[in-house]
Amino acid sequence: GQQLNQSPQSMFIQEGEDVSMNCTSSSIFNTWLWYKQEPGEGPVLLIALYKAGELTSNGRLTAQFGITRKDSFLNISASIPSDVGIYFCAGQPSNTGKLIFGQGTTLQVKP
Amino acid sequence: ETGVTQSPTHLIKTRGQQVTLRCSSQSGHNTVSWYQQALGQGPQFIFQYYREEENGRGNFPPRFSGLQFPNYSSELNVNALELDDSALYLCASSLGGGRVYEQYFGPGTRLTVT
Chain S
174 GQQLNQSPQS MFIQEGEDVS MNCTSSSIFN TWLWYKQEPG EGPVLLIALY
224 KAGELTSNGR LTAQFGITRK DSFLNISASI PSDVGIYFCA GQPSNTGKLI
274 FGQGTTLQVK P
Chain F
13 ETGVTQSPTH LIKTRGQQVT LRCSSQSGHN TVSWYQQALG QGPQFIFQYY
63 REEENGRGNF PPRFSGLQFP NYSSELNVNA LELDDSALYL CASSLGGGRV
113 YEQYFGPGTR LTVT
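In order, the protein sequence lines correspond to chains S and F.
Read in order, the letters of the first sequence correspond to residues 174 to 284 in our numbering.
Read in order, the letters of the second sequence correspond to residues 13 to 126 in our numbering.
Rather than coming from a laboratory, the hints here were simulated on the basis of the structure.
One or more hints might be untrue.
To be verified - A few chain S residues that don't get close to chain F, going by computed Cβ distances all over 12 angstroms:
hint	residue
1	P181
2	N195
3	S199
4	A225
5	S255
6	V257
What the hints assert, rightly or not - In silico contact screen, one side only, chain F against chain S (beta carbon under 8 angstroms); selected entries:
hint	residue
7	S45
8	Q115
9	Y116
10	F117
11	P119
Claimed, not checked - Once the Cα atoms are required to be at most 25 angstroms apart in a straight line, the calculated SDA-like pairs of lysine to any residue come out as:
hint	chain 1	residue 1	chain 2	residue 2
12	S	K209	F	H22
13	S	K209	F	A50
14	S	K209	F	G40
15	S	K209	F	T124
16	S	K209	F	R122
17	S	K224	F	N67
18	S	K243	F	N71
19	S	K209	F	N42
20	S	K209	F	R34
21	S	K209	F	R27
22	S	K224	F	G108
23	S	K209	F	E114
24	S	K209	F	D97
25	S	K209	F	G52
26	S	K283	S	E214
27	S	K209	S	T235
28	S	K224	F	L107
29	S	K224	F	Y116
30	S	K209	F	S39
31	F	K25	S	P212
32	S	K243	F	Q53
33	S	K243	F	G68
34	F	K25	F	S77
35	S	K209	F	L107
36	S	K209	F	N91
37	F	K25	F	N91
By construction, the Cβ of each residue, glycine as well, lies at the ideal position given by its N, Cα and C atoms.
Based on the provided sequences and hints, a complete structural model is requested.
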C-alpha cells in the first residue's frame, strides 16, 4: 500500500535553532498536510497545501508542496520550547477522503 | 465554535468483547473519519462517513464498523476485540466539498484490550 517516509525520525535541538523535516512518497498526492501531536492529545492541523510548488507559512512554520507531488517539507524557524512534540506529514491520494500519515518526527528543544 | 469531542477518554476491555466509541464533529462539519494510532506510529485510516454513508475504507476487517447520525456525530464499533486492537482511536471531522481534506482531530479514545 501507499506509504510515506518521514525524516528525520527525531531531532534534539537548541532553542533558537531552525528545524527542517521532510516527507516523501512513492505515489502522487493531491494534498499535503502537516500536523503536530502532543502527549495525550489528537493531532493539530498546522498547514494544508493544495498545489504542487505551493509554499505556505503559518507564523514561524513554513511548508512546501514538492513540484513532483511526491514530497513535502516543513521548516520551523527560531524554535522555542513549546515547539516540542511529534510532527506528522499526511498526504491525500486522489479521489479519496483518507489521509496517509508518515511515521512522525519527534522534536525536542533544549532551552 | 465547538471542536471535535470523543468519548470515553479511556477504556479497558477484554479480548473477545465488543466496544463502541463516540465522536461529535466540529460545528458545521458533515464528514467524519476514524483512525487507529498504535503506540509510536502515525494514524491509520479506518473509514470515513459523509452524510451518513460510508465514503471510503482502509485496510481493516469487517469487525470494525461505523455509523454516522443525522447530526453528523459518529460511532465506531469493534467486535471480537483482539489484543492488537489496543491503540488510540482518533476521530476527525471536516467540511464536505473542496475542503474535505482539512481534517480536524479530537483528543482520541485510548483503548486497552487485555
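Do the hints match the structure? See the list:
1. With a least beta-carbon separation of about 15 angstroms from chain F, S/P181 lies farther than 12 angstroms from that chain, consistent with its non-interface assignment.
2. The claim that S/N195 is not at the interface with chain F holds, since no C-beta of that chain comes within 12 angstroms of its own (minimum 15 angstroms).
3. Residue placement check: S/S199 keeps its beta carbon more than 12 angstroms from all beta carbons of chain F (closest about 16 angstroms).
4. Every Cβ of chain F is farther than 12 angstroms from the Cβ of S/A225; the closest lies at roughly 15 angstroms, confirming the non-interface assignment.
5. Distance check for S/S255 against chain F: the nearest CB is about 18 angstroms away, which clears 12 angstroms, and the non-interface claim stands.
6. With a minimum CB-CB distance of about 17 angstroms to chain F, S/V257 clears the 12 angstroms threshold, and the non-interface call stands.
7. Restraint check, F/S45 versus chain S: the minimum CB separation of about 7 angstroms is within 8 angstroms; hint holds.
8. Checking F/Q115 against chain S by beta carbon gives a least distance of about 6 angstroms; that is within 8 angstroms, so the hint holds.
9. With 8 angstroms as the threshold, the beta carbon of F/Y116 comes within range of chain S, its nearest partner Cβ sitting at about 6 angstroms, so the hint holds.
10. Proximity of F/F117 to chain S holds as hinted, the smallest CB-CB distance being about 4 angstroms (cut-off 8 angstroms).
11. With its C-beta approaching chain S no nearer than about 5 angstroms, F/P119 sits inside the 8 angstroms limit, and its interface hint holds.
12. Between S/K209 and F/H22 the alpha-carbon distance is near 21 angstroms, which keeps this suggested pair within the 25 angstroms criterion.
13. Annotation: proposed proximity of S/K209 to F/A50 holds, straight-line Cα distance about 16 angstroms (limit 25 angstroms).
14. Distance hint between S/K209 and F/G40 is fulfilled; the C-alpha atoms sit about 23 angstroms from each other, no more than 25 angstroms.
15. Distance hint between S/K209 and F/T124 is fulfilled; the C-alpha atoms sit about 24 angstroms from each other, no more than 25 angstroms.
16. A hinted pair counts as satisfied when its Cα atoms are at most 25 angstroms apart, and S/K209 with F/R122 qualifies at roughly 18 angstroms.
17. Annotation: proposed proximity of S/K224 to F/N67 holds, straight-line Cα distance about 24 angstroms (limit 25 angstroms).
18. For a cut-off of 25 angstroms, the pair hint linking S/K243 to F/N71 stands: about 22 angstroms separates their Cα positions.
19. With a C-alpha separation of about 24 angstroms, the suggested pair S/K209 and F/N42 falls inside the 25 angstroms cut-off, and the hint holds.
20. For the proposed pair S/K209 and F/R34, the alpha carbon gap of about 23 angstroms is at most 25 angstroms, so the pair holds.
21. A threshold of 25 angstroms between alpha carbons decides the hint, and for S/K209 with F/R27 the separation of about 32 angstroms lies outside it, so the pair is violated.
22. For the given pair, S/K224 sits about 19 angstroms from F/G108 by alpha-carbon distance, which is consistent with the 25 angstroms threshold.
23. Restraint check for S/K209 and F/E114: the C-alpha separation of about 14 angstroms stays at or below 25 angstroms, so the hint holds.
24. Using a Cα cut-off of 25 angstroms, the hinted pair S/K209 and F/D97 holds, with the two alpha carbons roughly 24 angstroms apart.
25. The hinted pair formed by S/K209 and F/G52 meets the criterion: a straight-line CA distance of about 14 angstroms does not exceed 25 angstroms.
26. A hinted pair counts as satisfied when its Cα atoms are at most 25 angstroms apart, and S/K283 with S/E214 qualifies at roughly 22 angstroms.
27. Proximity of S/K209 to S/T235 is assessed by CA-CA distance (about 14 angstroms); at most 25 angstroms being required, the pair is judged to hold.
28. For the hint linking S/K224 to F/L107, the alpha-carbon distance of about 19 angstroms falls within 25 angstroms, and the restraint holds.
29. At roughly 20 angstroms between alpha-carbon atoms, S/K224 and F/Y116 fall within 25 angstroms of each other, so this suggested pair holds.
30. Under the criterion of a C-alpha separation no larger than 25 angstroms, the hint pairing S/K209 with F/S39 is consistent with the structure, at around 22 angstroms.
31. The hinted pair formed by F/K25 and S/P212 meets the criterion: a straight-line CA distance of about 22 angstroms does not exceed 25 angstroms.
32. A C-alpha spacing of about 21 angstroms is found between S/K243 and F/Q53, which places the hinted pair at or below 25 angstroms, so the restraint holds.
33. Restraint check: the Cα-Cα separation between S/K243 and F/G68 comes to about 22 angstroms, which is no more than 25 angstroms; the hinted pair holds.
34. With a CA separation close to 17 angstroms, the supplied pair F/K25 and F/S77 stays within the 25 angstroms bound.
35. Our distance criterion of 25 angstroms between C-alpha atoms is met by S/K209 and F/L107, whose separation comes to about 20 angstroms.
36. Taking the CA atoms of S/K209 and F/N91, the gap is about 31 angstroms. The hint is violated against a cut of 25 angstroms.
37. Distance hint between F/K25 and F/N91 is fulfilled; the C-alpha atoms sit about 11 angstroms from each other, no more than 25 angstroms.
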